[in-house]
Amino acid sequence: AQSVSQHNHHVILSEAASLELGCNYSYGGTVNLFWYVQYPGQHLQLLLKYFSGDPLVKGIKGFEAEFIKSKFSFNLRKPSVQWSDTAEYFCAVNGANGGSQGNLIFGKGTKLSVKP
Amino acid sequence: GAGVSQSPSNKVTEKGKDVELRCDPISGHTALYWYRQSLGQGLEFLIYFQGNSAPDKSGLPSDRFSAERTGGSVSTLTIQRTQQEDSAVYLCASSQLGGYTFGSGTRLTVV
Numbered sequence: 001a002q003s004v005s006q007h008n009h010h011v012i013l014s015e016a017a018s019l020e021l022g023c024n025y026s027y028g029g030t031v032n033l034f035w036y037v038q039y040p041g042q043h044l045q046l047l048l049k050y051f052s053g054d055p056l057v058k059g060i061k062g063f064e065a066e067f068i069k070s071k072f073s074f075n076l077r078k079p080s081v082q083w084s085d086t087a088e089y090f091c092a093v094n095g096a097n098g099g100s101q102g103n104l105i106f107g108k109g110t111k112l113s114v115k116p
Numbered sequence: 001g002a003g004v005s006q007s008p009s010n011k012v013t014e015k016g017k018d019v020e021l022r023c024d025p026i027s028g029h030t031a032l033y034w035y036r037q038s039l040g041q042g043l044e045f046l047i048y049f050q051g052n053s054a055p056d057k058s059g060l061p062s063d064r065f066s067a068e069r070t071g072g073s074v075s076t077l078t079i080q081r082t083q084q085e086d087s088a089v090y091l092c093a094s095s096q097l098g099g100y101t102f103g104s105g106t107r108l109t110v111v
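As given, the protein sequences belong to chains Z and R, one line each in that order.
If you count the first sequence from 1, position 2 lands on 2 in the working numbering, and the numbers rise without skipping.
If you count the second sequence from 1, position 39 lands on 39 in the working numbering, and the numbers rise without skipping.
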């Protein structure tokens, strides 16, 4: 079955700490991968996406993610978090044939709390 | 409009009543999706419309849920005989080749 696993439910960090949020997927075939962020009281926003090419993807606000095909992983990283990064982060996948269309399958999300 | 618009933003309804949730996608976006976001459950796919094709209804949790998209634009998600477990935030998204855009959602509370 197609699924996305985010193993960390809630991560608490101090400002300037480094961040890595795990994401593993199960999907038959070639995939597109996404990370979305939802700030408190706001709608989902795209952080970054991987369709093809360089497996190290850079997104907005200093975030990056690395696609490791052999591990079915797409972990999100940021070298130094800020209080304003406090939010919920969702990993998602769709079939590569879908491009930016087709149903997205989401993980359950990881809540990040950054202490000032 | 500039973004995906959903209405109402909040809805409180009594158990057993029917509700309709509306989504106005970005003009020109051919694909439209409904998701349900429950506490601790992430986003659960409900239904997907792509152009004039038959919708993908594979995520609808029961036959109490239905959705339609008129004229390839506005979509309405209908929940009949609401139950307390239907309480959630219902999100709509639309997409074109440039990517997916999500609305702010409708928070449904069934009391």
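Since the hints were made in silico from the structure, they are not lab data.
Keep in mind it's a predicted model, so treat the numbers as computed, not measured.
Among these hints, one or two may not hold up.
[To be verified] For each label pair, taking beta carbons as the anchor points, the in silico distance ranges come out as:
(1) S73(R) / P79(Z): 30 to 36 Å
(2) T78(R) / E20(Z): 38 to 44 Å
(3) F51(Z) / S62(R): 14 to 20 Å
[Claimed, not checked] In silico DSS-like cross-links for lysine-lysine, where the CA-CA straight-line distance does not exceed 30 Å:
(4) K108(Z) / K71(Z)
(5) K111(Z) / K58(Z)
(6) K61(Z) / K49(Z)
(7) K57(R) / K11(R)
(8) K115(Z) / K69(Z)
(9) K15(R) / K108(Z)
(10) K11(R) / K111(Z)
(11) K57(R) / K108(Z)
(12) K11(R) / K108(Z)
(13) K58(Z) / K69(Z)
(14) K49(Z) / K57(R)
(15) K49(Z) / K111(Z)
(16) K61(Z) / K115(Z)
(17) K57(R) / K17(R)
(18) K15(R) / K69(Z)
Backbone N, C-alpha and C define an ideal beta-carbon position, used for all residues, glycine too.
Consistency of the hints with the structure:
Range check, S73(R) to P79(Z): about 43 Å between beta-carbon atoms, so the 30 to 36 Å window is missed. For the pair T78(R) and E20(Z), the supplied restraint of 38 to 44 Å holds, since their beta-carbon distance comes to about 42 Å. About 35 Å separates the C-beta atoms of F51(Z) and S62(R), a value inconsistent with the hinted range of 14 to 20 Å. Proximity of K108(Z) to K71(Z) is assessed by CA-CA distance (about 19 Å); at most 30 Å being required, the pair is judged to hold.
The suggested pairing of K111(Z) with K58(Z) holds, with an alpha-carbon distance near 21 Å, which does not exceed 30 Å. Restraint check for K61(Z) and K49(Z): the C-alpha separation of about 14 Å stays at or below 30 Å, so the hint holds. The hinted pair formed by K57(R) and K11(R) meets the criterion: a straight-line CA distance of about 23 Å does not exceed 30 Å. For a cut-off of 30 Å, the pair hint linking K115(Z) to K69(Z) is broken: about 33 Å separates their Cα positions.
Using a Cα cut-off of 30 Å, the hinted pair K15(R) and K108(Z) holds, with the two alpha carbons roughly 27 Å apart. Distance check on the hinted pair: K11(R) and K111(Z) sit about 25 Å apart at the alpha-carbon level, within 30 Å; holds. A distance of roughly 21 Å separates the Cα atoms of K57(R) and K108(Z); the hinted pair therefore holds under the 30 Å criterion. Our distance criterion of 30 Å between C-alpha atoms is met by K11(R) and K108(Z), whose separation comes to about 24 Å.
With a C-alpha separation of about 17 Å, the suggested pairing of K58(Z) with K69(Z) holds against the 30 Å cut-off. Under the criterion of a C-alpha separation no larger than 30 Å, the hint pairing K49(Z) with K57(R) is consistent with the structure, at around 26 Å. A threshold of 30 Å between alpha carbons decides the hint, and for K49(Z) with K111(Z) the separation of about 19 Å falls inside it, so the pair holds. With a C-alpha separation of about 18 Å, the suggested pairing of K61(Z) with K115(Z) holds against the 30 Å cut-off.
A hinted pair counts as satisfied when its Cα atoms are at most 30 Å apart, and K57(R) with K17(R) qualifies at roughly 22 Å. For the given pair, K15(R) sits about 46 Å from K69(Z) by alpha-carbon distance, which is inconsistent with the 30 Å threshold.
Checked against the numbered hints given earlier, this structure breaks hints 1, 3, 8, 18; the rest are met.
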